[in-house]
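*Asks:* Chains A and B, in that order, are what the protein sequence lines are. Plus 532 on top of the position in the first sequence (first one is 1) and you've got our numbering. Plus 9 on top of the position in the second sequence (first one is 1) and you've got our numbering.
There's no promise every hint is true.
To be verified - Cβ-to-Cβ under 8 Å is the rule here; a few derived chain B residues that face chain A:
1) P175
2) F273
3) R279
4) Q283
Derived from the structure by calculation, the hints contain no laboratory data. Ideal placement from N, C-alpha and C gives every residue a C-beta, glycine not left out.
What follows is the residue order along each chain.
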Amino acid sequence: MARTFSRAIAFFAVLAILLAACSGTTSPGPAGSAATGAKAAYGGSVTFAMNSDISNMDPMLSGLFVDRHLMYAMYDSLVRVTPKGEIIPWLSALPTVSADGKSYTFKLRTDVKYHDGTTFDAASVKWNLDRYRLTKESLRLGELAPVDSVTVVDPSTVRVDLKAPSAPFLSVLVDRSGMMLSQKTVEAGGADFTRKAFNAGSGPFILTEAVKDDHYSFKKNPDWWGKAANGDKLPYLDTVIIKPITDGDVRLTNVRTGQVQATNAVTGKDVPTVKADSSLVYQEIAGIGYNSLVPNRAPGFTFNEKRYIQAVNLAMDRAELLAKGPAQGVGAVAYGSYAPSHFAYDASFKPFEKPDVAAAKKLVADVGKGPLTFELLVSSGDAATLQFAQLLQSQLAKADITMNIKTLLFNEIVTLQQQHKHPGMTLIGWSGRIDPDGNTYDFNYTGRPNNDSAYSNKDVDALLDQTRTATDQAKRKDLFLKAQQIFVVDDPSRIFYSYNAAQLLTAKSIQGFQDFPDQLPRFETVWVQK
Amino acid sequence: MTTYILRRLLLMIPVALLVTVGIFIIIRIAPGDPVLTYAGEDRDPATIAAVRAELGLDQPLPVQYAAWLSRAVQGDLGRSFQTKQRVVEAITERIPVTLELGLAAIFISVTLALLIGTLSAIKRNSFVDLLTTSITLAGVSFPNFYLGLLLILLFAYVIPGNLLPPGGWTPLSTDVGDNLRRLILPAITVATASLAVNLRQVRSSLLDVFGQDYVRTARAKGLRERAVVTRHALKNALIPVVTIIGIQIGAIIEGAIITETIFFIPGIGRLAVQAIPSQDYPIVQGVVLVSALSFMLSTLAVDVLYAFLDPRISFGGSEA
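Take the sequences, apply the hints, and build the full model.
*Replies:* See below:
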């Protein structure tokens, strides 16, 4: 058994080397420069609107999704991901993995400089990874918990040794945990670095101005190493401006009047309008995040009884919730936690495709404690969420399930949920991670930090442990699906009902903008049609 | 006068202290854990504990307050939980924006109130009076956020030429023209809320003054109506109006909260809007303190201004 495992790891290690060799460390990942087939033009500017302001430019301390909008422009990470979710070389070739799956060796690019002029090398990688995993208030501690040590092998080679094999390890290096920053600039910035991260990255754009609540300006990094698939030196744009515009109507108006040329946040009601506008291009793919109802399964609470959760699952009409709720059809119906862009996704997994009111009623009757009544906590001040809750309420009423809606501050809901004190269910989603592990493990494994439903199932724990040590993707998929059958159907931890949509709305003159399932914009391949 | 001002300034200290204690307690007894907001989706227990300790939230409330106060009296209001920016810096870099917006709004509101209010008072119960007060009341009946959105849509889709952009901000020091273009719509939005109050105050004060003996005397002397209104009536009618304007200046921050959010203007109001739901205590405390101080200072300024507007008012204390 151990020998088979070692062989499998050795096979994938060799495969990784071959892939790295094919992709080369000198011609990295950015691709898809000219969607129209026209020759891409250099110069120009794009203003992009996001739906809220960032909190922090330091990947170590960043806790908000929106922060990453800026980070992908100014920082490079060790590896990146394609729109299809495949991990590709970036600052490093794909690593070679030791036979026991515990040692990852990264061969680094040698032509990279940070915006402050310092050199990116193995020592810099060690400094960054150690900073992320050893600083006590780092928000990357959990992601890098599998790392035992980081060793500089030579100036362009770094070895990361893990405490135990971890299949999802490489995927966390795609994002903030793998972003490389200049030690000189970070240390010089001190406590102010979090919002004045000028010249800290090596990415395609250099941050030039940061005005909180207003805009973030970037200029082209003329020395960036990236090239397009057609050989063009990237990036094309001279400047990028990212603006936080919280109101959906105002955001759209800014796009339609040309003040802003791109956004990734369009409210459901506006999608038909932008699709009909010939001056705009709307793209939408399924994201990697999901929306869910989180029952409290702790002893003494209503949903400690799993049949009640199954009854709610059966009484829901997911298609109607998506089509007639605030999403207005934007996104996709979900039954489990793996999104269509995950390798573990199974399109045939549709356990509650149609509502079955009779079956729901029977389950509640089988419990023998009378009609099911519970409380759903909904974030106050969020009209769209309340509208969704009311639609769900009316659906459940058909199965004689009474769902009382209670509005609380979002922060209060999160606190109650994490302490497992919410009486019924909450309505909380997840932005998603590129490896299915990131959508599963911490939410379903006994005692993990994001296991807000206080869920515990030994079979699920065992299966999820195996998904981390298995290296064969087909094997991992099989294990994930077995776990999903349990934590969705047989002994539910959450009720999954929809996947996020990764939207991208651009002015027609903007080319080369690719829609990624993680919903984050990549500007290096974007150009303006003259 | 100097003694009066000094006494009032000294009295502000206990009031400010009370305000800080009040807001300190209120935001902390509000349910929810700011550390969870800060940590976002990454909730490793060790990280949560480390962050709580770093932010000082593992200390008892009196210790937290004493630590905050001891720094505050030295001019250090701490750092934002979320952005780590110094609160003093966050506020001072936004004050010019909010002040410009607020003063522009008050300028619009007061100018229109004086013009329309005077006209309404002179033409009392006429069609003009009815029309102007009706329009103003209709304007103030629009909630701020709704009027802001309507103005944005009007200039974006109805009025051609993109005359006034749908939000955003250019500092005055960068481009005066663009600054004014971006200022007009939000300033009108804020101004509309106070216009009706100011207009009604001007109108009723003038009507009151018109009934006074000295105005009748002025008219009996044969002064022209314009001279009666501008030289005699308006100056005295303005005293209560000044009080209201003083309060409005003190309340600029509150008035800007919604408008700054809609027009994505980087002012203090927007800072507060973001800080409150995320329970960014240092920012909320800082904004409330500055807001309270601005209110107290503007009230003092109004009281001092009274002495110049109305010689009957004295700050010398009782002479009995």
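*Asks:* Determine for every hint whether it applies to the structure shown.
*Replies:* Comparing the hints with the structure gives:
With 8 Å as the threshold, the beta carbon of P175 (chain B) comes within range of chain A, its nearest partner Cβ sitting at about 5 Å, so the hint holds. Annotation: F273 (chain B) was flagged as interfacial toward chain A, and the flag holds, the nearest CB pair being 5 Å apart, inside 8 Å. Interface restraint check: R279 (chain B) against chain A, minimum CB-CB distance 5 Å, threshold 8 Å, status holds. Among the interface hints, the one on Q283 (chain B) holds; its C-beta lies about 7 Å from the nearest C-beta in chain A, closer than the 8 Å criterion.
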